[in-house]
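Colleague: For the sequence shown, our numbering assigns the number 1055 to the initial residue and increments by one for each residue that follows.
Hints in this document: simulated from the structure, not taken from any laboratory.
Please read all numbers here as calculations on a predicted model, not as lab measurements.
A couple of the hints might just be wrong.
Unchecked claim - Computed spacing ranges between beta-carbons, pair by pair:
#1 Thr1078 - Asn1056: 24 to 34 Å
#2 Ala1059 - Leu1095: 13 to 23 Å
#3 Arg1079 - Asn1058: 27 to 37 Å
#4 Ala1059 - Ala1093: 12 to 22 Å
#5 Asn1058 - Thr1078: 23 to 33 Å
#6 Val1065 - Gln1088: 28 to 38 Å
#7 Asn1056 - Ser1076: 17 to 27 Å
#8 Val1065 - Ser1087: 17 to 27 Å
#9 Asn1056 - Arg1079: 17 to 27 Å
#10 Ser1092 - Leu1062: 15 to 25 Å
#11 Glu1082 - Asn1056: 27 to 37 Å
#12 Ala1090 - Leu1060: 10 to 20 Å
Backbone N, C-alpha and C define an ideal beta-carbon position, used for all residues, glycine too.
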Amino acid sequence: MNLNALDLNLVRVLDALLREKSVTRAGEQIGLSQPAVSAAL
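Use the sequences and the hints to build the structure in full.
Modeller: So this is what it looks like as structure tokens:
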């Protein structure tokens, strides 16, 4: 696995999604819109 290519913002999105279990609430927690979180998926 190439760690240089890993986007840490995607890790933040995944963490928020696992905690909140809601795309909208996850986005609110990390300061992104629902469409931005959906695009990250």
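Colleague: Each hint: holds or not?
Modeller: Hint check results:
For the pair Thr1078 and Asn1056, the supplied restraint of 24 to 34 Å holds, since their beta-carbon distance comes to about 32 Å. Our hint of 13 to 23 Å for Ala1059 and Leu1095 holds, since their Cβ atoms are close to 18 Å apart. At about 31 Å, the CB distance of Arg1079 to Asn1058 agrees with the hint of 27 to 37 Å. Range check, Ala1059 to Ala1093: about 18 Å between beta-carbon atoms, so the 12 to 22 Å window is met.
Restraint check, Asn1058 to Thr1078: a C-beta distance of roughly 32 Å satisfies the suggested window 23 to 33 Å. Separation of Val1065 from Gln1088 is about 19 Å and departs from the stated range, judged on CB atoms against 28 to 38 Å. Range check, Asn1056 to Ser1076: about 31 Å between beta-carbon atoms, so the 17 to 27 Å window is missed. In this structure the hint that Val1065 and Ser1087 lie 17 to 27 Å apart at CB holds, the actual value being about 19 Å.
Separation of Asn1056 from Arg1079 is about 31 Å and departs from the stated range, judged on CB atoms against 17 to 27 Å. The beta-carbon spacing between Ser1092 and Leu1062, approximately 19 Å, falls within the hinted interval of 15 to 25 Å. For the pair Glu1082 and Asn1056, the beta carbons lie near 31 Å from each other, so the given range of 27 to 37 Å is met. Take Ala1090 and Leu1060: their Cβ atoms lie about 19 Å apart, and the range 10 to 20 Å holds.
In summary, the numbered hints that this structure violates are 6, 7 and 9.
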